[in-house]
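Build the complex from these two chains, which are given one at a time in their own frames, with help from the hints.
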Amino acid sequence: MDLTELRRRLGRPGFPPAAPPEGRGMADSDLLARLEAVRRRGQTAPMRREPALVDRLGGFELAPGVVEVVRRHALALRHGRVPLAWLAEIDGDRGGLLRWRGRLDPERLVFLDTETTGLAGGAGTVAFLIGVARLAAGTLQTRQWLLTAFSGEAALLDRLAVELGRDDVLVSFNGKSFDAPLINTRGRLLGRGEMLRGRAHIDLLHALRRGHARSLPDCRLKTAEGRLLGLDRGHDLPGDQAPAAWRDWLRDGYGARLNEVLAHNRADLLSTAALLAVLAGEGMPGPIFAAPS
Amino acid sequence: MDANLDRDADLFQPPGPPEGEAGASVERLVAALKRRNRDRIVAEWLQPERSARTAAFPAGLDARIVDALGRRGIQRLYSHQAEAAAHALAGRHVVVATPTASGKSLCYHLPVLQGLLADGTRALYLFPTKALAQDQVAELLALNAAANLGVRAMTFDGDTPADARRVVREQGDIVVSNPDMLHQGILPHHPKWARFFESLRYVVIDELHAYRGVFGSHMANVIRRLRRVCRFHGREPVFILSSATIANPGELAERLVGAPVAAVTESGAPQGRRTVLVWNPPLVNADLNLRASARSQTARVARVAVKAGLASIVFANSRLTVEVLAKYLKDVFDRDPRRPPRVAAYRGGYLPGERRDKERKLRAGKIDCVVTTSALELGVDIGALDVAVLNGYPGSIAATWQRLGRAGRRGKPSLGVLVASSELIDQFLARHPEHLFGVSPEHARIDPDQLLILMDHLRCAAFELPFRAGETFGPHGLEPLLGYLVEHGVLHREGEAWHWIADSYPANAVSLRAVADGNFTVIDVTGGGQDILGEVDYSAAPLTLYEGAIYLHQARPWQVERLDWTGRKAFVTRTRADYYTDAIDYTRLKVLDVFGEARGAAAACAHGEVHVVRRVAGYKKIRYYTHENVGYGPVNLPDQEMHTTAVWWTLDKAVLDAAFPSRQAALDGFLGAARALHHVAALLSMSEPRDLGRAVGDGAATWSAVLGGDGRGSLRTLEGASLEPDADARRFRPTLHLYDNYPGGIGLSAPLFAQRDALVGRARDLVEACPCLAGCPACVGPVLAPREGLGAKQAALVVLGLLAGRSSVASGQPGEGGHGPH
Ligand SMILES: [Zn+2]
Chain P
1 MDLTELRRRL GRPGFPPAAP PEGRGMADSD LLARLEAVRR RGQTAPMRRE PALVDRLGGF
61 ELAPGVVEVV RRHALALRHG RVPLAWLAEI DGDRGGLLRW RGRLDPERLV FLDTETTGLA
121 GGAGTVAFLI GVARLAAGTL QTRQWLLTAF SGEAALLDRL AVELGRDDVL VSFNGKSFDA
181 PLINTRGRLL GRGEMLRGRA HIDLLHALRR GHARSLPDCR LKTAEGRLLG LDRGHDLPGD
241 QAPAAWRDWL RDGYGARLNE VLAHNRADLL STAALLAVLA GEGMPGPIFA APS
Chain W
1 MDANLDRDAD LFQPPGPPEG EAGASVERLV AALKRRNRDR IVAEWLQPER SARTAAFPAG
61 LDARIVDALG RRGIQRLYSH QAEAAAHALA GRHVVVATPT ASGKSLCYHL PVLQGLLADG
121 TRALYLFPTK ALAQDQVAEL LALNAAANLG VRAMTFDGDT PADARRVVRE QGDIVVSNPD
181 MLHQGILPHH PKWARFFESL RYVVIDELHA YRGVFGSHMA NVIRRLRRVC RFHGREPVFI
241 LSSATIANPG ELAERLVGAP VAAVTESGAP QGRRTVLVWN PPLVNADLNL RASARSQTAR
301 VARVAVKAGL ASIVFANSRL TVEVLAKYLK DVFDRDPRRP PRVAAYRGGY LPGERRDKER
361 KLRAGKIDCV VTTSALELGV DIGALDVAVL NGYPGSIAAT WQRLGRAGRR GKPSLGVLVA
421 SSELIDQFLA RHPEHLFGVS PEHARIDPDQ LLILMDHLRC AAFELPFRAG ETFGPHGLEP
481 LLGYLVEHGV LHREGEAWHW IADSYPANAV SLRAVADGNF TVIDVTGGGQ DILGEVDYSA
541 APLTLYEGAI YLHQARPWQV ERLDWTGRKA FVTRTRADYY TDAIDYTRLK VLDVFGEARG
601 AAAACAHGEV HVVRRVAGYK KIRYYTHENV GYGPVNLPDQ EMHTTAVWWT LDKAVLDAAF
661 PSRQAALDGF LGAARALHHV AALLSMSEPR DLGRAVGDGA ATWSAVLGGD GRGSLRTLEG
721 ASLEPDADAR RFRPTLHLYD NYPGGIGLSA PLFAQRDALV GRARDLVEAC PCLAGCPACV
781 GPVLAPREGL GAKQAALVVL GLLAGRSSVA SGQPGEGGHG PH
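Sequence lines, in order, name chains P and W. Quick note on numbering: this note's numbering labels position 27 of the first sequence as 27, and the sequence is numbered without any gaps. Quick note on numbering: this note's numbering labels position 168 of the second sequence as 168, and the sequence is numbered without any gaps.
One or more of the hints may lead you astray.
[As the list claims (entries may be wrong)] Only some residues are given here: those of chain P computed to face chain W with a beta carbon under 10 Å:
1) Leu-119
2) Ala-149
3) Arg-188
4) Glu-194
5) Leu-237
6) Asp-240
7) Arg-247
These are calculated hints, taken from the structure and not from any lab test. Since this is a predicted model, take the numbers as computed values, not measurements. Cβ coordinates follow ideal geometry from the N, Cα and C atoms, glycine included.
Isolated chain W (complex conformation) (with noise of 0.2 Å):
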């Protein structure tokens, strides 16, 4: 059994300690944190050893495959192999969800195999990402080349040179992609591809639970476009998925396959001993609920990881955060710059010649500690590693164990670390610990019929193919949308058939994964030179390529001394500032229309469609180690804009006005309601906080709240002055808005105002046990400076209480036009 594969752990196996030795430091190492660190440790878990459970191969399996697997060591499959092997191979799409390194790939190489050699059939595979499909490839190829079985795996992406693509659409077998390039490159040229999709089997679609949000409700269009395709050329393929364990695999993979699913959750693979434990920053000022940073803390666990001389990962939540904690790790074990590195920085930006050069590095075991973002987190291969340190909650349960899964070589003791930050999730995790530990809550949800996805689809989809009467594309009946198309004269209809007449190629306009196009390049002009030193998305980019801000790069600091925003360029010198910055944005949020609203005693909650700007007002700088604020600049950017759905709550005039003693207590009370709310609701809709955004404003957007340095809220005009609360009574009306992060929704907001009422109660009981005195991280948010009078914690309870009162005689009026919620 021992070489039963997963390419987390197996084929590119980098020379570890010998046997026994890595097993015996993590034990000791667990010790020693144990010994020096009891208040620091507030959960410990234990996951134990666990013998393999094996099936049979399946009966007929090919003499030669079996050879191969013999070949390979592997005598017997794990039990889910055998269980979602006999799925597939009856023709059933499948899922397996089962932990990190339990050898999932053998679940479709499999019947991808038996069908090829059996019947010359062939297999899409489909990975997140393009390194991802390479290792694939290398692993194939391995055990192609074992038994000699003839197999031609072909990867087909964006670097596939013009001269081989043909090659790879008439001789693949397997052919090796990822969703943007069947999407943009195989789809609309399905017709050259006949021959593949012809004689097209199974389709793999590994990492599965990569594929939620908006990346998830494309590629259930995606998958709609390409099961449509393969009717045309006489084929139903077979399904089969791989996911990290998160609630509902089966419920996902259906909604993206778009058919029954058999899911297989029971992982038969034998797994080592796993220690994971929940540290807690110590407190620092008790009243204030202040905690150590996390990222000392972090830096902290990992120093002493990589001095007992175990590999290390160091997982943090932003780019940011993980240039700073490589800084922190290189200024001890990176000193002598005549010595190899032994701590690197890892994350998206990079460019890829300097990925794949850390990765091999990795890989062959000359680096001791990487630092990285979710950029690892999928199964880019690293090899294994010894212990995993997570500088804070990634967001998801899901990721966090597919996180801690990076460390551990196979059978052999583990260790991962989980160190709280002072978000208000984080600690709500320190303290209810069991929410990691249980069955895991997270349900990923998509949404394929959100309006405007479903319409980018629609017309790719048309181009691939004509429409014909009758056709369906989701639940939506399809005429009103090809009308549509017909009315702005992209398709013409003839008869019962809808075809394309455009100009274009409507999938180079459609990304599955981006709001809006166009990565900015970071450039690097120290000396007069133009170098390019890496790329930043879309989305990030007014948030940390503003003129003036410090852009880290491999943990050095460079400042942005011009950005051409047409141009997506920012250009930056090499600078010695000891201090980073930190971007201050707000949102201002508009009510277009009503879709339901619910009427208490005190309050009103709604939802409907809202129109967002959200604006880059200035910049903090934060000095190094000590973190004290040193200064402010200010950004002059483009408004970033959206239509999307949101979940409001008003007060009655009456009721604001009696229980408040000043306008800017009220004001205080709604912004840290909305912080609680909003980490609740990410909970409770079980997506990542940043899937939601919120604002307090009046809902006509002519002003707008933000949280000042002090902690405390301040208004501000369309234009961004400022506005004192109490200086025009009538128009105070605060609102409290949580939006959908997306343009048009991905259909968060709905299920959060059907919740309203264990929303509100959930936020206000989070709030009220907190034990800070008048506001923290933890709840409402912190407060540096308390004013006179009621405190931002307390304000917040009384603005959740009068929310919650005995409310929700429901009425809605889609459809109804207005401009706010009365």
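With the rest of the complex left out, here is chain P (with noise of 0.2 Å):
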């Protein structure tokens, strides 16, 4: 059966009205603009500019398919109203909120959030953006590694493999339920196990709840940012955008949002760090910050 007979059978107009929302319905004209769209494309995977990429997104090729991307955010900074610096204070768990017994070492910590494909879980969503922080020489260094293919997948976890030492802690905002299990479910079908079984985990949505929950209208990082940290995000790219951002540079090699994703996990990183360092101080006499008006 060629193309042309299983648009004709699938694509008639008012085709059974229970139609998923990939369009089997979809009218002829319209699948016939897309057919012309990929025929202009070729068939198989569009030119793409990685150098200029790479470029754009002030990385490098770390392997192909995975760009990397470092950068370092002085001490000195406030995230919202919170000084990084505090991240080089914490010394343990003052309000009992994260649940952990004896030191925290700061340059043990390794905050983890990823952009994936959908939110629906399962072998079919794709973490095409995984990124890192962590205190190193007197800086928060972040660290991402995009994928711009997705044969660059196992170079990417093998390369997160290398990042995490064997007593390093996690610490994530609903990476319990989310980003770990999905990372483990990459690992499982490139081969690679579950790869972040078994290994120490914060995850502050948990603290957020335990210390805030009546305090707070809803347990949301936007909120927790407004809230503890007094960070108002402003023009950032809302999450939800990302996954149509990756998939436009997979089709049509358009990638100009891509550094807007990058700058939204970025930034989902150091909340992650500055929302550690209020709730694991949480206990001690200090300023805790107003909703901002």
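Spelled out as structure tokens, the structure:
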């Protein structure tokens, strides 16, 4: 059966009304337009201008299909109203919100955040961007790995494995339920096993619920940023647009919005770090920020 | 041998009448029924007692299993159990098709336990319903407990709590689940199940015969996905299937698994003496071939059986009939509200708690008679009963035996009675009971490559693992299909691989069972409350939940006050109405494309793609017991639409004009012929009548014909207005359509086109041989008020004769567009 026949049989207007959203009932004209676009681009993946993308992102090609972007954030800076320098002063779980026993070595903290093609989970969801942050040489250093092709995923996961030392402690926001299982799933699919299984992991969503479920309208990161960090992300790319930006790149080689995706992911990493500083320090006298007006 | 196991007849065997007593009373009941109803019993069939054929345990069977079996009283196997286990242990896919209660489950427990104890391999058990899965776990646990085998059998279904799921994935030796859960909950998350898949050796599929038609076609694709995922994890599991007796268990199993499957069909289990009677209600009017209603006869047989102290099960083919029959029987046995009820209705649409409660009461022997639909045809454990009464032929011979098999305690006599309805197939079987008792002619058919279904599962499969160039998924070339999905933005091609990139979870958009989604909730608002009374599936809703409909629940009537179509809710109140309601629906059909055409001397037959619109126009109110029509009401519901495939017939215009005295007569003839053809087509294609639809119209959806209450046809326009047949002679080109009653078609119309001569010939024989004068339910349909001139039956014979006229030079032009066969 050729594509024309297939389109004829599947694409009739008003085919079964219970069509799934992927557009079974798409009108013929629409289909033809897409088909034309496919033909223009050629049958296989479109031509990539990878060097240009790498330059634009200010990174380097770690391996074919993966770009690494490194940024250093001086501890003298504030994220919202939280001085990043607080991070270096963390010594333990003062208020008990983290449920962490014993010392916390700031140098061993690895903040983690991913951008994925969807929120549904399962084998078909890909983490196309994995970002980590840690204290290094007197700065908070973010390191992000962006897939520019599926073929780069194995290299990306291997790089992540190298990054994580044996005694490192993962810190995330909702990562126990989402990011870690997803990375484990990707690891399984690429023959690398459950990479994050059994690793020490502090999920700040749980800590936030313990400490602030009653005082906050909800426990979303955005709410915590506003109320606890005094941060307004302003014109940041909304997280739910990140997958579309990546798909645009894959399909059309159009990577203009990938910079914003990386910036969004970095902001999430910094918020995770600042939030840890605040939540770990709760219980000791110090500033709690008022909600921004 | 006594304790050789099957869930139908052992572990939960209720304390029935003492040995001998039930047997004696079954024999007495048979004698009494025969004595008093000689004229109604048109066939009697005796299945003699049969002794067991046994075999030794397979060589090398783990000593712990031998011990467990011994503790359950099993020293040897039935021959079919040994044969099936040998195939599975040798790594060959195998299907076992033996009667109910022949110990089928041991056929798969044995190799599964052997693999587990000897090599630490695991198994997946799939049952078509959740209820069955629960019974299986209970049975496995009993075997397990008998010798402390340490087997961890765990259920994984929609009720498994989130925190228990990880335990099942990682520790379940035997995971018991259902196709829907495999499809939506396991395969899309297979990396989490990696340990399970890496040691998966056996996949057990029970109730194989349930996987036919649309459901089976979906299931075959779920299995393609399962095998693909298993290969990724380095396994090629062995499939062990079990089936009721159908003609082609091996073929069905091979279509489903997609690989050669050995078939074991000779049962070695002993059998009690079974009597089966075919019961034809007495003639009320010989000229009209009108018979007393099957319902009253069914109620009568059941009444006599319950009075004789025999546990009985009554099967009906619709929920409505279940409720009406339950009411008739409750009127007899449950008149005293202070005593616990002896009669229960059980059907789909009750809430799970209500069903579980009834199952418990049945197992405990607290209910003497249960009235049910196919809901109890499959192996839900209700213990064993003595008598099964079938109100009407269930639509397939396999289902008939499945239902009859519900009666029969181990080794004891049982009775089955099939009460023929006035429907065409029932009367055909009453005249030819040899069809029931001979070799099963039924072939369960599936079409795994039905394009819509295939595409649904291709999405799911691509989500589970990227497709690689050269991979296969059924016989179609994959690249155009994957290209189509790339075009739609759900896949991305990179080099030689196709990756899922959409932000969705495709399995959630695919239901294995229903055409359209969304059950309707029935809410009781009597007295201002809001109590959920039950559920009705989407396809049945337009026919049962229109405003004004009487909704029966536990044989008590409610009236539908308001139907919220988009919200999928019906609001009902209690009523004392002495009538029930029956929907009047009609179908319009438009030919979109002709795949092939055959022209004869006077007629043409073609098949192709069509657009079908079904509309419920109104309803009739029918009084209990007397069945008189006491009124009509209008219905205003959205149309049900689909594209599917059909086969259709037309007569040449000159022939048509010459053959009939009036257009009315021609119309009556086409409607009658359509009815006979529909049922013959169902028999020939070995599908159920509901798998096919029929319509008489002009092929361009300008008008369609409906059958009035008087048995005569009339024309409706697109808007439902009535139209005089003679009003527009130019447009009067009746076309008789049989269509595949599933969106996209499930592969029934092409074989029907190929068999068109046999089809028309058999339909003609059937109408000709019917003893009625002018038409009756057993041929062209009831004609209550024959008009002057050519009767409906004679008109149908004229139509069928002309259609049969030496024809058949076929020409196929697939893909040729057009708006009709000419
Ligand atoms: Zn007749």
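Quick rundown of the hints versus the structure:
no.	hint	verdict
1	Leu-119	holds (7 Å)
2	Ala-149	holds (6 Å)
3	Arg-188	holds (4 Å)
4	Glu-194	holds (8 Å)
5	Leu-237	violated (16 Å)
6	Asp-240	holds (9 Å)
7	Arg-247	holds (6 Å)
Checked against the numbered hints above, the structure breaks only hint 5 and satisfies the rest.
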